[in-house]
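**Q** Please model the entire structure based on the sequences and the hints provided.
Those protein sequence lines, which keep their order, are chains A and B.
Position one of the first sequence corresponds to residue 291 (the working numbering), numbered consecutively onward.
Position one of the second sequence corresponds to residue 291 (the working numbering), numbered consecutively onward.
Think of the hints as simulated: they come from the structure by calculation, not from any bench.
Treat the numbers as computed from the prediction; the structure is a model and nothing was measured.
Please note: incorrect hints may appear among the correct ones.
No copy is singled out in the list; a pair is fine if it fits within one copy or between any two copies.
Under the rule of at most 27 Å between Cα atoms (straight-line distance), these lysine-lysine pairs were calculated in the DSS-like manner [stated by the list, open to error]:
| # | residue 1 | residue 2 |
| --- | --- | --- |
| 1 | Lys342 | Lys292 |
| 2 | Lys292 | Lys411 |
| 3 | Lys342 | Lys411 |
2 protein chains.
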Amino acid sequence: MKRSLGAHTVLYPAPVLIVGTYDAVGQPNMMAAAWGGICCSRPPCVYVSLRKATYTHGAILARGCYAISIPPERYAAEADYVGIASGRDVNKFDVTGLTPVRAEHVDAPYVGEFPVALEVKLLQAIELGSHAQFVGQVLDVKADEDCLNAAGHPDLALVRPIIFAPLATEYYGVGQRLGEGFVMGEALAR
Amino acid sequence: MKRSLGAHTVLYPAPVLIVGTYDAVGQPNMMAAAWGGICCSRPPCVYVSLRKATYTHGAILARGCYAISIPPERYAAEADYVGIASGRDVNKFDVTGLTPVRAEHVDAPYVGEFPVALEVKLLQAIELGSHAQFVGQVLDVKADEDCLNAAGHPDLALVRPIIFAPLATEYYGVGQRLGEGFVMGEALAR
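**A** So this is what it looks like as C-alpha cells:
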C-alpha cells in the first residue's frame with residue numbers, strides 16, 4: 291500500500307559530489323552537492339544545482355568552470371563537513387587536510403585523495419527557483435589507477451562512492467554487484 | 291596516481307529510473323534512464339534526459355508529464371529489460387508482468403510493484419545535444435508503507451534502489467549505512 295508523502299525532492303540514489311572552484315583571490319574551495327548528475331551523452335554533460343547564496347555559485351560564474359570529485363566512503367565525514375561549512379568563512383581544504391589539485395583542462399581544483407575527478411566547462415546556468423542548474427561539458431575524467439577494472443574503467447566496488455538519501459538525510463555505501471547492464475534483462479527481451 | 295580517461299559520462303552513483311508515460315493511444319509505457327536526478331528544492335524539481343529517438347521523448351512532450359518509479363534491486367533484471375526494449379515494439383508492462391498504476395496528479399503511469407514513485411509535471415525541455423533534459427516539478431511522492439522509517443521517510447535500506455555504474459555498465463545494490471547527513475561532519479566544523 292502506497293502513502294502520499296507530498297511534493298518532495300526525493301530520488302534514489304542521490305550522489306555526493308564535491309564541487310571544486312577557485313575564488314576571486316585564487317583560494318581553492320569545495321562544496322558538497324547531492325543535486326547533480328549526468329544530463330547528456332554527446333557532448334558528455336553533467337550538472338550541479340546550487341543555491342545563489344553558496345560561495346561556489348559566484349565562483350563558477352566567474353571562471354566558467356568547476357571540478358567534481360567523487361568522495362569514497364572512508365571520507366564520508368569530510369564530505370559531510372564540506373556540505374556544512376562555507377568557503378566564505380574557512381578554507382575547507384585546510385580544515386580537512388585534503389589536497390587541492392589544479393585541473394588540467396579547466397581553472398578549478400579537484401580533491402587529490404578522492405578516486406575520481408571530472409573537469410567541467412560551464413555551458414549553461416539555468417535558473418529553476420531556489421537553485422540554478424550549472425550544466426557543463428566534461429572535458430576529462432581522471433581516476434586513480436588502483437580503482438580501474440581490467441577494461442580501464444572505474445570499478446564501483448573500488449571507487450566506493452557515497453550514496454545520499456534525501457528526506458531521511460542519511461549516507462550509505464555501495465553494496466553487492468547485481469549484474470551487467472544490457473545483459474541482465476536480455477532473457478526477458480527474447 | 292590518476293590516469294586520464296578522456297571525456298566521458300561518468301558520475302557515481304548514477305540512478306536507475308523507470309520513466310512512465312502513456313502513448314498516443316493511451317497504452318502505458320516505461321523506459322529506463324540513468325541520466326536523471328534532483329535539480330531544484332523550491333519548487334521541488336527533477337529531470338530525466340532522453341534521446342529524441344526514444345518512444346518516451348514524444349510521449350512526455352504530448353502529455354506534459356511523466357512518472358518516475360524507483361526499481362528495487364530484486365527487480366534489476368526487469369529494470370534492465372526496460373532499458374533494452376522499446377515501447378514502439380512491445381508492451382513492456384505485459385512482458386515483465388509489472389502493473390501500471392495511473393498517477394493521481396499527472397497523466398502518467400507508475401509501477402505498482404516498485405517502492406517509490408514520483409509524479410512529475412513537465413516544466414522545460416532543454417536541448418543539450420544527443421539528449422533533451424526534461425525538467426519537471428514533483429507534484430507528489432508516493433512510497434510503500436513498509437519502506438518508511440519512524441519519521442515517515444523512505445528508508446534506503448528498505449527501498450533498496452539500484453545503483454548504476456556508467457562506463458563499466460554494471461548494477462550494484464545499496465550497502466551499509468555510513469551515518470547521518472549534516473551530523474557526521476560536525477566534529478570537523480567545531
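**Q** State for each hint whether it applies.
**A** Hint-by-hint comparison with the structure:
| no. | hint | verdict |
| --- | --- | --- |
| 1 | Lys342 - Lys292 | neither (36 Å within a copy, 32 Å between copies) |
| 2 | Lys292 - Lys411 | between (42 Å within a copy, 20 Å between copies) |
| 3 | Lys342 - Lys411 | both (19 Å within a copy, 24 Å between copies) |
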